[in-house]
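Number of protein chains: 2
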Amino acid sequence: MSNKINNVACIGCGTIGAGWVTRFLVNQIKVKIYDPTPYAETRLEIVIKNTKRAYKNFFPNKTINFKNFEYFNEISPAIENADLIIESVPERLDIKQKIFENIEEFCSKQTIIASSTSGIKPTDLQNEMKNPERLMVTHPFNPVYLIPLVEVVGGNKTEYKFIKKIIDFFNSINMKPIHLKKEIEAFVADRLLEAIWRESLWLIKDGICTTSELDDIVRYGFGLRYAQMGVFQTYRTAAGEGGMRKFLEHFGPCLTWPWTKLMDVPEFNDELIDLITNQSDQQANGLSVTKLEQIRDKNLVEIQKALEKNNYGAGRLIKKARVKKSP
Amino acid sequence: MSNKINNVACIGCGTIGAGWVTRFLVNQIKVKIYDPTPYAETRLEIVIKNTKRAYKNFFPNKTINFKNFEYFNEISPAIENADLIIESVPERLDIKQKIFENIEEFCSKQTIIASSTSGIKPTDLQNEMKNPERLMVTHPFNPVYLIPLVEVVGGNKTEYKFIKKIIDFFNSINMKPIHLKKEIEAFVADRLLEAIWRESLWLIKDGICTTSELDDIVRYGFGLRYAQMGVFQTYRTAAGEGGMRKFLEHFGPCLTWPWTKLMDVPEFNDELIDLITNQSDQQANGLSVTKLEQIRDKNLVEIQKALEKNNYGAGRLIKKARVKKSP
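Chains as they are written, first to last, in this note's numbering: chain A, 18 to 344; chain B, 18 to 344.
Treat the hints as calculated values from the structure; they're not laboratory data. Hints may be right or wrong, so weigh each one.
Said to hold, decoys possible - BS3-like, lysine-lysine: derived pairs with alpha carbons at most 30 Å apart:
{"id": "1", "chain 1": "A", "residue 1": "K79", "chain 2": "B", "residue 2": "K322"}
{"id": "2", "chain 1": "B", "residue 1": "K337", "chain 2": "A", "residue 2": "K222"}
{"id": "3", "chain 1": "B", "residue 1": "K69", "chain 2": "B", "residue 2": "K84"}
Since this is a predicted model, take the numbers as computed values, not measurements.
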């Protein structure tokens with residue numbers, strides 16, 4: 018097996034698939050694409066436009082060929098000779114299994130098949146495959162061309178050599194692969210996001226705050242800490258000289274304080290959907306999603322450039338990318 | 018009642034109290050301090066040093082008098098003539114109530130008494146006060162001199178004119194006050210943090226990831242989004258043209274997927290404390306808390322300067338502060 022990944026195919030080109038495509042393009046990797054849905058090509062054009070804008074700000078002196086891809090109407094020519102196939106089709110096990118069946122007919126046994134699923138366990142995905150040892154989850158985050166994190170998760174039958182190869186590859190394209198040694202549904206990031214989301218729904222439903230106030234509480238508060246240190250290192254820093262042990266002993270008991278009642282799941286009825294939708298509309302203040310995407314990307318670039326100044330966290334990847342010579 | 022807050026007293030000068038002190042100092046507000054504990058003055062010196070370093074980077078041309086405070090050994094001279102008294106003593110209702118009893122003996126009925134509590138409801142705090150109408154919670158975030166958010170919460174007996182006055186005051190010192198209209202234990206930010214924390218403990222306990230991997234998953238992933246847009250606006254942006262309603266209808270059912278079993282509280286025993294403490298020690302890689310604080314502050318400054326470039330979120334406050342004329 019060659020150690021290099023040169024030929025990449027993207028199966029499914031929605032928001033996530035298109036984000037993978039441009040992540041590869043800005044790293045001088047040619048991409049073959051298969052997506053039979055009518056809206057896919059238009060979506061890709063928008064994502065290319067967004068990526069162009071963002072990378073002009075990130076790396077003003079870098080020349081990027083944004084036409085370095087081919088679009089196919091059938092799956093077989095798209096995956097021919099591929100070293101890596103990234104699947105980003107809808108989140109249903111049966112749809113994904115069907116795609117894997119198709120793929121396995123036309124590609125080598127050495128080709129890595131990586132699923133972008135945000136919730137399904139790799140052991141379930143690989144269950145009916147002929148060569149399940151090269152199947153794994155590589156769960157990215159929106160927008161894929163700007164958020165470096167990718168969760169890498171193997172199933173029961175996945176062989177480590179394939180995991181190792183994809184981790185090296187992701188490192189080479191300035192992503193941050195985190196290999197989870199145990200698989201659980203939804204992996205790690207979405208577990209945390211789900212916990213916050215559940216609590217957020219209660220807070221809105223109970224009228225404690227509005228969506229706009231909640232967002233302000235995050236982005237003017239702990240969001241500024243999470244962008245750099247995450248959960249544990251932040252608390253370690255706040256713990257003072259007593260260290261993590263003292264912090265844990267001090268705050269541990271809080272877990273059983275009265276607000277744990279909020280661990281129930283709120284009923285997701287029309288009333289709650291209306292409440293959130295209306296508050297969110299008001300909060301967006303007329304900004305279209307296209308405009309919001311541009312704002313988000315501009316901020317993601319500047320925040321990472323800021324961390325680059327301190328050679329810290331996500332900024333280290335940018336610094337590394339900047340000094341790396343072109344191939 | 019005068020509309021201006023000129024004289025501020027800080028009762029309790031630990032990490033949070035000292036953070037309040039320097040937040041006031043950088044805004045040219047003189048502070049009187051009362052804290053009888055032996056370590057308080059040393060702690061304040063460290064916080065002043067950290068604040069100096071951070072603000073030199075934030076506002077290089079600004080002259081700040083970091084000696085504009087007085088330290089008292091008794092409570093009465095510290096609060097004499099105060100327009101605002103900020104209480105940051107340990108998180109116990111009985112201790113806080115005792116302090117309020119002392120305070121009320123020596124200050125005017127018009128003096129605002131604001132508690133930094135991160136969990137106790139203002140209605141409980143004001144329960145035994147002579148003039149409970151001027152008591153409220155103003156919950157800040159560590160480090161107070163760099164994180165703009167402050168949750169403002171009144172109790173049953175709090176009068177709105179006092180809330181209004183303190184909100185105007187916080188705005189004038191470049192903070193972001195969010196007024197919560199209903200009180201609940203732990204307010205909003207700490208509810209969200211508690212939800213993440215609970216889930217994090219499970220993930221570590223179950224061996225899904227280490228503290229270092231979890232932190233990387235946050236800071237290379239959604240932390241970069243939270244620093245600018247928060248929870249709802251981020252999802253709105255990701256939702257695409259279908260808008261928030263489509264997003265909710267699509268993802269709502271996930272709430273009852275299998276991982277909701279993780280809503281239980283993990284047992285906080287020695288084994289879990291050891292596991293987290295050891296992983297956190299390894300992650301810190303020999304960096305002292307003092308060093309970690311410096312790193313955190315440097316990043317907080319750069320991230321907010323980055324957002325300032327785009328005049329967005331927390332960066333708007335910095336931009337506003339920069340153009341504001343000295344008094």
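Hint by hint, here is what the structure shows:
no.: 1; hint: A/K79 / B/K322; verdict: 25 Å, holds
no.: 2; hint: B/K337 / A/K222; verdict: 34 Å, violated
no.: 3; hint: B/K69 / B/K84; verdict: 11 Å, holds
When the structure is compared with the earlier hints, a violation turns up for hint 2 alone.
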